[in-house]
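Residue numbers for the sequence shown follow UniProt numbering, beginning at 1 and rising by one.
Some hints could be false.
[What the hints assert, rightly or not] What follows is a list of derived Cβ distance ranges for each label pair:
| # | residue 1 | residue 2 | range |
| --- | --- | --- | --- |
| 1 | Thr156 | Arg205 | 21 to 31 Å |
| 2 | Asn231 | Thr156 | 17 to 27 Å |
| 3 | Pro33 | Ala248 | 51 to 61 Å |
| 4 | Glu235 | Pro266 | 39 to 49 Å |
| 5 | Lys216 | Ser162 | 37 to 47 Å |
| 6 | Leu41 | Leu66 | 47 to 57 Å |
| 7 | Leu150 | Ala220 | 54 to 64 Å |
Calculated directly from the structure, the hints in this document are not laboratory data.
For each residue, glycine too, the CB sits at the ideal point set by N, CA and C.
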Amino acid sequence: MKTDTAPDLAFFVLLARLGNMTATARELGVTPPAITKRLNLMEQRLGVRLINRTTRRISLTNEGELYLTQAAQILNRIRDMEESVSSGRAAPKGLLRVNATPGFGRTRIAPLVSRFAHAYPEVEVELHLTDRPISLVEEAYDLAIRFGELPDTRLTARKLMSNRRFLCASPAYLKEAGEPKTPEDLHHHRCILHRQNDDVYGTWRLQKGRSEEMVKVRGAVSSNDGDIVLNWALEGHGIVQRSEWDVAKYLDSGRLREVMPGYTLPSADLYLYYLSRSNLPAKMRAFIDFLVAEFNP
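Please put together the full structure from these sequences, using the hints given.
Printed below as a string of structure tokens:
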């Protein structure tokens with residue numbers, strides 16, 4: 001490998017992750033023309049076009065997609081090699097990149113990261129909050145904290161918390177509209193919809209015993225932000241589907257009431273995901289053990 005190849009790999013992975021020349025320049029502390037020049041030199045050296053440029057965003061060519069995948073894998077192998085050599089160090093040390101969902105990440109994970117950072121001052125933690133699906137390999141994350149199981153079989157999944165889902169609504173809404181008893185009754189109710197990733201929009205899956213029903217619901221308001229849909233439910237806009245961690249305190253206080261408690265919904269258990277490794281770096285072992293202890297005292 002040429003001596004300048006590894007920095008170029010890291011540069012390209014960063015550029016693809018940020019998706020913007022200006023943002024990449026800001027991250028590296030250089031000017032946008034310097035980023036353009038460096039990319040041009042890489043493409044000249046490789047003899048292919050890696051990126052399609054537009055005024056605001058960039059998109060990868062087919063060659064760029066291939067280069068990104070292999071660049072991320074090579075960088076991960078280099079990092080694994082260096083961390084395995086130094087894994088005998090007593091103190092966890094180095095950069096740890098963590099991804100979580102916005103609502104839960106802001107309210108639960110960020111305070112835990114703060115406590116972890118105080119306990120392990122030599123670990124530099126980057127916490128990124130995203131709603132969209134992510135790739136740990138291509139986006140160079142060490143760990144991801146997500147609700148639900150991920151289909152990527154390359155990842156190790158560690159369950160942190162059981163988390164049921166409920167249908168619920170405010171007492172004011174139920175007094176006005178009545179309380180549904182069966183899935184068919186939901187067709188006559190206002191439902192608050194949460195637009196999430198690849199979930200089938202407006203379709204709720206309810207199970208009773210061995211019977212399962214898919215119900216297409218609709219309502220006047222919808223959002224991709226979980227806090228917003230929860231607040232709309234509290235304000236009486238209709239029935240919402242939310243997870244236990246999100247609504248438990250409102251169910252306890254009576255501000256929300258569970259609807260159709262005889263039916264169950266798919267759970268949204270909380271998992272910690274990371275790439276399978278035979279020898280985890282000390283910083284990852286420390287963070288995993290810290291989270292497991294916090295969620296399972």
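Verification of the hints:
A C-beta distance of roughly 27 Å is found between Thr156 and Arg205, which places it inside the suggested range of 21 to 31 Å. In this structure the hint that Asn231 and Thr156 lie 17 to 27 Å apart at CB is violated, the actual value being about 36 Å. Distance hint for Pro33 and Ala248: a CB-CB separation of about 53 Å, consistent with the stated range 51 to 61 Å. Between Glu235 and Pro266 the CB atoms are about 26 Å apart, so this pair departs from the stated range of 39 to 49 Å.
The beta-carbon spacing between Lys216 and Ser162, approximately 28 Å, falls outside the hinted interval of 37 to 47 Å. Distance hint check: the CB atoms of Leu41 and Leu66 are about 19 Å apart, inconsistent with the given range 47 to 57 Å. Hint check: Leu150 to Ala220, Cβ distance near 33 Å, so the stated range 54 to 64 Å is violated.
Violation of the numbered hints given earlier is confined to hints 2, 4, 5, 6 and 7; the remaining hints are satisfied by the structure.
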